[in-house]
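*Asks:* Residue-level listing of the chains:
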Amino acid sequence: MDAHPEKGIAVFGTELGPSSDADEASVVCDVVASASAIVAAEETSRLREPLVAAFCDRVSNALLKQADEQSLVTLRAFCNLFQRWPELRRPDPNWGLVVAPRVPGRKRVIESIGKFREQGAWSISPHIIPHCTLHSLAGLLSQVLDLHGPNIGTGGKPGCEGEAFAVAGTWLAAERLPGLWLVLTGWDRESATYRGSMCQALVLGLKSAARQDAVGRSRVIISPTAALPHVPLVSLEAFLTAMGNSGIATAWRLGVAGALTLHPASRVLEIAA
Amino acid sequence: MNQPDPIWITGIGVACSLGSDFETVSRNLLEGRSGIDTIYTFDVSQHPSRIGAAVHSVPCPRGWDARAFAARPKLQQVALWCCSSALSDAGYDIGLAPARVGLILGTATEWMLGWEEDGLTRDDGRYCDPVNDREALVTLVQRELGLCGPVATLSTACATGNFALAMARRWLQLGWVDICVAGGCDAAVTPLTLAGFGNLRALSRQNDWPQAASRPFDKERDGFVLGEGGAIFVLERTSHAKSRGARAYGELAGCGLSSDAYHLVIPSPDPTYAITAMKAALADAEIGPHQVDYVNAHGTSTPVGDMAEAKALRMVLGEWANSIPVSATKSMTGHLLTAASAIEALACLATFRYNALPPTINLDHPDPECDLCHVAHTAREGKTRVAISNSFGFGGSNSCAVFRAA
Chain A
1 MDAHPEKGIA VFGTELGPSS DADEASVVCD VVASASAIVA AEETSRLREP
51 LVAAFCDRVS NALLKQADEQ SLVTLRAFCN LFQRWPELRR PDPNWGLVVA
101 PRVPGRKRVI ESIGKFREQG AWSISPHIIP HCTLHSLAGL LSQVLDLHGP
151 NIGTGGKPGC EGEAFAVAGT WLAAERLPGL WLVLTGWDRE SATYRGSMCQ
201 ALVLGLKSAA RQDAVGRSRV IISPTAALPH VPLVSLEAFL TAMGNSGIAT
251 AWRLGVAGAL TLHPASRVLE IAA
Chain B
274 MNQPDPIWIT GIGVACSLGS DFETVSRNLL EGRSGIDTIY TFDVSQHPSR
324 IGAAVHSVPC PRGWDARAFA ARPKLQQVAL WCCSSALSDA GYDIGLAPAR
374 VGLILGTATE WMLGWEEDGL TRDDGRYCDP VNDREALVTL VQRELGLCGP
424 VATLSTACAT GNFALAMARR WLQLGWVDIC VAGGCDAAVT PLTLAGFGNL
474 RALSRQNDWP QAASRPFDKE RDGFVLGEGG AIFVLERTSH AKSRGARAYG
524 ELAGCGLSSD AYHLVIPSPD PTYAITAMKA ALADAEIGPH QVDYVNAHGT
574 STPVGDMAEA KALRMVLGEW ANSIPVSATK SMTGHLLTAA SAIEALACLA
624 TFRYNALPPT INLDHPDPEC DLCHVAHTAR EGKTRVAISN SFGFGGSNSC
674 AVFRAA
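Protein chains in written order, with our numbering: chain A, 1 to 273; chain B, 274 to 679.
Just so you know, the hints here were simulated from the structure itself, not pulled from any lab data.
This one's a predicted model, so the numbers in the text were calculated from it and none came from an experiment.
Any given hint could turn out to be false.
What the hints assert, rightly or not - Coverage of chain A stretches by chain B, computed from C-beta distances (three or more under 8 Å per stretch; other residues unrestricted):
| # | segment |
| --- | --- |
| 1 | 106-113 |
| 2 | 199-206 |
| 3 | 251-259 |
Unchecked claim - In silico lysine to any residue, SDA-like type, Cα no more than 20 Å apart, as pairs:
| # | chain 1 | residue 1 | chain 2 | residue 2 |
| --- | --- | --- | --- | --- |
| 4 | A | 115 | B | 390 |
| 5 | B | 492 | B | 511 |
| 6 | A | 115 | B | 316 |
| 7 | A | 115 | B | 393 |
| 8 | A | 115 | B | 315 |
Glycine included, C-beta positions come from ideal geometry on N, C-alpha and C.
Generate coordinates for the entire structure from the input sequences, incorporating the hints supplied.
*Replies:* Here's what the structure looks like:
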């Protein structure tokens, strides 16, 4: 076992089964698809037009005109995902959405406060509440993807990404939902302007794991009651990095309680073999 | 799912315009009192809607420094008061609660409220600077109350409270926690939120008669009235509660959740998915519509929303819709946004305790498009065994919770 300060504990070469490191309360999930997008702040507005074209049956220019950067980059990540897994463009309509943005709407609120101070109440856009709250992106995605399972915004702050996995595990346990999209999104660094920052989004398609489906798929094990006090908190950045480390299982804390383990695809292949 | 060990609600903490304990809020609801008034804590003269159900003071939890507590942001005060008083009410001393206590806090805009407060008070133009961002509320509450289990902040807009309760129930059923503290808190009676909802044309503009402005299912309704506050519950398995001699306010017997996937703001004119949520909740509780004794409607007082809900309720309740009493307590509390369904869960539990149903006040001229068995103006006496609570939110979230007398 080797400790890595950024990525949590990486477990090398041990005989881990797909769920052998899961306790009784753990939820073992197959990652049926995943994709990410990372876009510079200056480029995010250019995403709108191609996104409207990509989702033309479900979104309008007017809708995406109001969407914030994290929403746009998340939709870009879904486009990337559907290029590789076109069959998931229309999954079971009862799939859910668990979406963890990080402090969305900062630029819009700065603008709004400036206008409010100068011009008063009538200057406040009616779109700020529908588009900049914790649930906004989850609601938008349910509309864009035409999903009728629960759509939930969670976390909301840097360091709260673990909550998204706990929420996802809640609904995937005992196959309460047939599957769900888990989304983590945020800026690489917070600032008032985000000038020079990168906006990033990770999309995971998760289903309750079936042993026979293990081949070729990454797995996450969500252990809400486990205690791993000495590993780092899971974050969007750490998870993105770990997804690229094939063959290395990585563990994090979800919060004060709970743990998350990622077994990237080749590791599961090796186990299945 | 079979429920060999039903989930009980054993503690309640509340802060809203109608009071800050279960008994006071229940009494005010049953007496048909409105908590809505003209907003006087900031200048509303330029706002299209100038009324709200504000919380003007939040009690300080026992043993805390009152002055320091009063200096905290209002949302923190509401969350800390509601969580700590819920735990105390359930018989747990703060800091001495068992380790496996989960915390699910419904709230949607905590960072925006911080930015707004910052932005409207600073004159150096450096508002919304990340260095001033506050710690996540759920983390703060967990640490300050000494809780050690899993946590989550949730938002499904106005349906958040029901989602938080549904998730708490799942955590208990899955054995993830022994106790779960869950509900919703909001502190949205602020200049920007009032302006945002006002300009969205979601709010009532009946500013001259604040207490008559929220009128769900009435022909003269013209939007909701912004409210604020919170309600937090302690949930635990019946066996756990009984083992320590705890009393129950009621059982959380079932939950149903769905999404319209139709529009970010407007409820779908097709009631299919609202119906899905209600039917799923009844199925989860293993009851039929004829067993429902009371419906606490979402009933926001918006023209479109109330009509859509009435239509959905009639389709779910069928012939029983003519006799199952329905009321919308937002007529008195205003709309507490992410805390709305939490307050309405309290209203359902009050029916078990007091054998009476809270009314929809201001229902002077029931809209024929909202033809239901309304409890209008005054409370109705009667024993309730099963109460259901609907909540629907922006983003197309639908939810229904079923409560059963313990």
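*Asks:* Of the numbered hints stated earlier in the document, which are not met by this structure?
*Replies:* As far as the earlier hints go, 2, 5 are violated by this structure, in ascending order.
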